[in-house]
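Enquirer: Sequence:
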Amino acid sequence: MSRAKAFQMAQTAVNFGFRTCAARGNTATQVVSGLRFLSSRSLVGNNLPHHNKTAAPFFRSFAASATTDKEFANILRDELSHEKSDFVPSQELMSPPGGYVLDEKPGDGKVTLSKNHGSEEIVVSFEVNNQPDPDESTANEEGDVPVIRHFIVSVIKGENMITFECSSDGEGTNVEHMTFEPKEGFGTESTMYTGPVFYELDERVLDECNKYLAERYIFDLGPYIHKFIDEKEQKLYMEWLDNCAKFLEA
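When you line the sequence shown up against my numbering, it's residues 1 to 250, in that order.
The set of hints was computed from the structure by calculation and includes no laboratory data. Mixed in with the good hints there might be a few duds.
Stated by the list, open to error - Derived lysine-lysine pairs resembling DSS-like cross-links, with alpha carbons at most 30 Å apart:
(1) LYS232 / LYS105
(2) LYS84 / LYS110
(3) LYS235 / LYS110
(4) LYS70 / LYS235
(5) LYS70 / LYS227
(6) LYS183 / LYS115
(7) LYS105 / LYS235
(8) LYS235 / LYS211
(9) LYS105 / LYS183
(10) LYS115 / LYS70
(11) LYS84 / LYS105
(12) LYS105 / LYS115
(13) LYS157 / LYS110
(14) LYS246 / LYS70
(15) LYS235 / LYS115
(16) LYS227 / LYS105
(17) LYS246 / LYS183
(18) LYS183 / LYS70
(19) LYS211 / LYS246
(20) LYS70 / LYS232
(21) LYS183 / LYS110
(22) LYS84 / LYS232
(23) LYS246 / LYS115
(24) LYS70 / LYS84
(25) LYS183 / LYS211
(26) LYS110 / LYS227
(27) LYS246 / LYS105
(28) LYS157 / LYS183
(29) LYS183 / LYS84
(30) LYS211 / LYS110
(31) LYS246 / LYS84
(32) LYS235 / LYS246
(33) LYS235 / LYS84
(34) LYS211 / LYS157
(35) LYS232 / LYS246
(36) LYS227 / LYS115
(37) LYS157 / LYS115
Given the sequences, and given the hints that come with them, work out the whole structure.
Expert: This is how it looks when you write it as structure tokens:
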């Protein structure tokens with residue numbers, strides 16, 4: 001109850017008391033004494049809010065939360081500083097081989113490389129966030145597990161395109177599948193034929209496919225993309241640390 005409300009109730013009680021006093025023959029002094037006792041027990045003692053009893057715990061809770069946020073942000077800043085001290089951008093990744101143009105955005109795991117080749121538009125795409133985990137069953141004699149990076153090559157001509165699913169271990173490039181499809185691609189629930197098992201194709205077909213891709217610098221792009229994904233992952237991680245720290249500091 002507010003002090004103003006308590007005072008209003010007390011004033012009403014006083015007026016009522018004086019009227020009752022006159023009716024019953026009690027003295028004003030007796031009425032006032034009774035009201036003082038009532039005021040000290042009811043209006044002031046019990047009904048007025050006790051701010052001091054709740055303010056301290058609330059303040060301590062708020063202060064503890066702010067301290068936790070600051071400590072969390074400091075840890076993230078320390079980790080970011082450590083990562084930056086070890087990070088050296090690769091100059092060779094600034095210029096993709098074969099005249100391809102790099103398109104990447106901060107915070108975005110999707111990257112494309114594109115160029116025109118005669119009447120064709122070639123788009124090479126990959127997602128940093130969508131790379132498979134290393135397969136431990138492929139470990140070599142030293143126990144090292146090769147890291148395989150995957151990317152898609154789309155050769156577009158008119159309303160159609162041929163796509164090649166490729167991978168690289170950082171040293172070479174492997175073609176895993178070849179599909180003919182509309183330029184907009186097949187839907188996720190499409191039942192259209194996507195091509196044969198690639199490595200079961202006739203050797204002459206495989207040889208000509210390799211020549212076709214080599215002419216478009218795809219085999220040079222494989223090791224480049226492998227290194228680029230490693231560096232892009234590091235950049236995304238540092239951006240994540242910085243964004244989280246800024247959020248906690250705000």
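Enquirer: Holds or violated: are the alpha carbons of LYS235 and LYS211 at most 30 Å from each other?
Expert: Violated, at roughly 35 Å.
Enquirer: Measure nothing beyond the straight line between the CA atoms of LYS110 and LYS227; if it is 30 Å or shorter, mark the hint as holding.
Expert: With a Cα-Cα distance of about 15 Å, the restraint between LYS110 and LYS227 holds, given a limit of 30 Å.
Enquirer: Next pair to validate is LYS70 with LYS227; report whether the Cα-Cα distance is within 30 Å.
Expert: violated (36 Å)
Enquirer: With a cut-off of 30 Å on the C-alpha distance, tell me whether LYS183 and LYS115 pass.
Expert: Roughly 16 Å separates the two Cα atoms, so the pair holds.
Enquirer: Please verify whether LYS70 and LYS235 have alpha carbons no more than 30 Å apart.
Expert: holds (24 Å)
Enquirer: Compare the distance between the alpha carbons of LYS227 and LYS105 with 30 Å, and conclude whether the hinted pair is satisfied.
Expert: Satisfied, since the Cα-Cα distance of roughly 17 Å is no more than 30 Å.
Enquirer: LYS211 and LYS110: Cα distance at most 30 Å?
Expert: Satisfied, since the Cα-Cα distance of roughly 28 Å is no more than 30 Å.
Enquirer: Need the status of pair LYS246, LYS105: alpha-carbon distance at most 30 Å?
Expert: holds (20 Å)
Enquirer: Given the hint that LYS211 pairs with LYS157, test it: the Cα-Cα distance must not exceed 30 Å.
Expert: holds (19 Å)
Enquirer: Quick one, are LYS105 and LYS183 close enough, alpha carbons at most 30 Å?
Expert: Satisfied, since the Cα-Cα distance of roughly 24 Å is no more than 30 Å.
Enquirer: Does LYS105 lie within 30 Å of LYS232 when you go C-alpha to C-alpha?
Expert: holds (10 Å)
Enquirer: Within a Cα-Cα threshold of 30 Å, do LYS235 and LYS115 meet the stated pairing?
Expert: Distance of about 25 Å is within 30 Å: holds.
Of the numbered hints given earlier, the model fails hints 5, 8, 10, 17, 18, 19, 23 and 29; all others are met.
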